[in-house]
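Visitor: The primary structure of each chain is shown beneath.
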Amino acid sequence: MNVGVIGISYHTAPVEVREQASVRPGEVPSMLQRIRAQFPGSELVLVSTCNRTELYTAGIDVNADKHRLFQILLKGDEHFRADELEKHFYVKSDLGAVEHMLSVASSLDAMVVGESEILGQVKQAVGIADEAGMTGKVLQPLFQRAFKTAKRVHSETDICRGRVSVSSLAVEFAEKVFDDLSTKTVMIVGAGETAELALKSLMDRGAKDVLVLNRSHGRGQDLADKLGGRAIQFDLLEDYLARADIVISSTSAPHLVIHAAAVQRAIEARRGKPMLMVDIAVPRDIDPAAAQIKNVYVYSIDDLQLIAAENITKRREAVEQAWIIVRQGLAEISEHFESGGLREVLRKFDEHGREVCESALQRTLAKERLAGLPEPSREEIRELARKIVAKMLAEPREALKRASKNGELDNYVRIVNDLFGFDRKDSKK
Amino acid sequence: MDREFIVSIFGVGCYVVASLLAMASLLGYRPKGERAAITLMIFGAVILAGVLVLRGAGFTAIPGFNRFDAMTLYALALSGAYGIWSVYRYTRGIAGILIPYATLLLLCGISAFKQEAGAPAQLQGAVMMLHVATAYAAFGVFTLASISAVIYLMQDSNLKNKRFGVVWERLPSLESLDHIMSRLVGVAFLLLTVSIVIGFMLVCELGGGDEWVRDPKVVATAILWILLAVFVHLRASSDRHGRGIALVAVFGLGCLLFAFMGVHLVAPSLHAFIQMGLGAGGP
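Those sequence lines, one after another, are chains D and W. 1 is the number of the first residue of the first sequence in my numbering; add one for each residue after it. 1 is the number of the first residue of the second sequence in my numbering; add one for each residue after it.
The shape of chain D in the complex, shown without the other chains (with noise of 0.2 Å):
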């Protein structure tokens, strides 16, 4: 299979290593070409994101070239000694290599397991390397089923089951409470980093209507700019909290922002209409009694966490149920492959077979004192010298499928490639 993955992650590599690896998507073609340089031949696809940087191979030995391919990625950093590298870095090879290829796109080896999202750039990876033409009959067919195992993963287990971010949770509680998240008006009280991702992951679903509330309202405006919303005057807050269907509050005060007793005015102005409170600041904005006001529906940070802790344990639960999707996927994966090579080397054994008694006969039969044989005679000659080729190879055949049964073919390949010397006919070709 001749199949081989190098590279670091956050379970080998601090970020401050990680970094130094890190492809840019923009940088991935050059960086390839540079890779191919020095191997020529080779397939590669080059998988770069904030926690792995990974270099699929065919037709390199990734074994004994690691100490290359390292440096290449790291960029000819001369800051690493080799046996530093050595413990950063992990090399897969054959086998080995695809069950991690697998692993990687179903999100089983994400931090977060089953985020779905390194499946995405696990794609835009492929197709960047299939543009700079860098993948071919090997890694081609690889990824495209480690693409279908990943989809299967993620559709017949609950690895993705339940949201596990804050900014994902919020916006799954609200497509609970509202249909429709165009028409709502999302307000966001406080310009925190948590609450403006959670705002893009609202705005991501539909929502267009954002009002920006900070005490600072430069800064307010700043956020409003970069969304799109309208910055609104702190003091303003309760005269547009009836207008708010999603309220995100993350301020850094160290008192209640926003009163049950407003929350009651503006869900009475509302006619009913519900509200979703989310409340991501430590110590809290909102009113804990305005939870129980009718319709009004409110998440503390501890909420969402806990709720992310128990999605967590559920996805690990799902777990060992992927891994044996995973594991028929290899064993599809190894049987395509090893099924491939098993055909190669019966036709190169057919070959030689034919070489050999063809060049054989043909220096017999020119023999002078056979020169007056008759051609039925000939015919037979040929006819045995055949049948005496075929016997010879008919038991070395039947072990070799064996053998491709077995899983051992790869073994066997490598004797029979030295013994009949096809490696070194297929130099000479």
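These are computed hints drawn from the structure, not numbers from a lab. In this text, a Cβ means the ideal position worked out from N, Cα and C, and glycines have one as well. Incorrect hints may appear among the rest.
Stated by the list, open to error - Label-pair distances were calculated between CB atoms; the ranges are: (1) D:Q38 x W:R170: 53 to 61 Å; (2) D:E16 x W:Y90: 50 to 58 Å; (3) D:R36 x W:R170: 46 to 54 Å; (4) D:A289 x W:R163: 14 to 22 Å; (5) D:T183 x W:A229: 27 to 35 Å; (6) D:K391 x W:A36: 58 to 66 Å; (7) D:I312 x W:L27: 18 to 26 Å; (8) D:T183 x W:R170: 19 to 27 Å.
With chain D held as given, fit chain W onto it using these hints.
Guide: Relative to chain D, chain W alone:
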């Protein structure tokens, strides 16, 4: 008759299987089973509608006056309302409660299959048929709205009490359910108004008097009509939403069931020709 009974059992069987599928889907055991459940329910509904048509032809009278006919017509009206709503705007999760409810109605009716009952001969006709059809259509449409209200209250309770299980995940958003309630209660109110007006026309045709106004079934239906009018007012004029309005719709379902069946248990009625086999009005 026996053949019709076997076909009816088959139709009810379709509903039973559809119920199991829909509930399994709601509880997350068969997430993609809901559409199959709806298809099976429609198949069962077509079979049962055929049985009712044949029974009407067999009795040479409008079906709808014994327990089997009444329950089947109610279940079919509910299934039809849901089928039409699903074509207009499919809302996931409702089938898990609606189909078992319709199945329960059918199971309540099946034992009265062989009972013969009909309206007085002088009432048989197109006007009576229209009265029955609009009444059942109103019941079906309003029940769908009430089931949405029940689901609204379940989802409200899940969100308030932070129970985020499979059922929470499978049920639709509060806003979708609120939308179904507001749209369908208006339609049910219109249909029930038409049915009541036709009912009065029939009473006039019979030469009936005040005894009809005091008839328990008429009074119970009038209460339901007033409740629907209040609901329509709360939405159309006051633009009320949320839990309160859902509670009104659920209370309305209680009134509907009383007007439809319960009234036969408590007092003799001029509608006694409807033989529900439940009490004072029945055999």
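Visitor: I'd like to know which numbered hints this structure contradicts. Please list them from smallest to largest.
Guide: When the structure is compared with the hints, none of them turns out to be violated.
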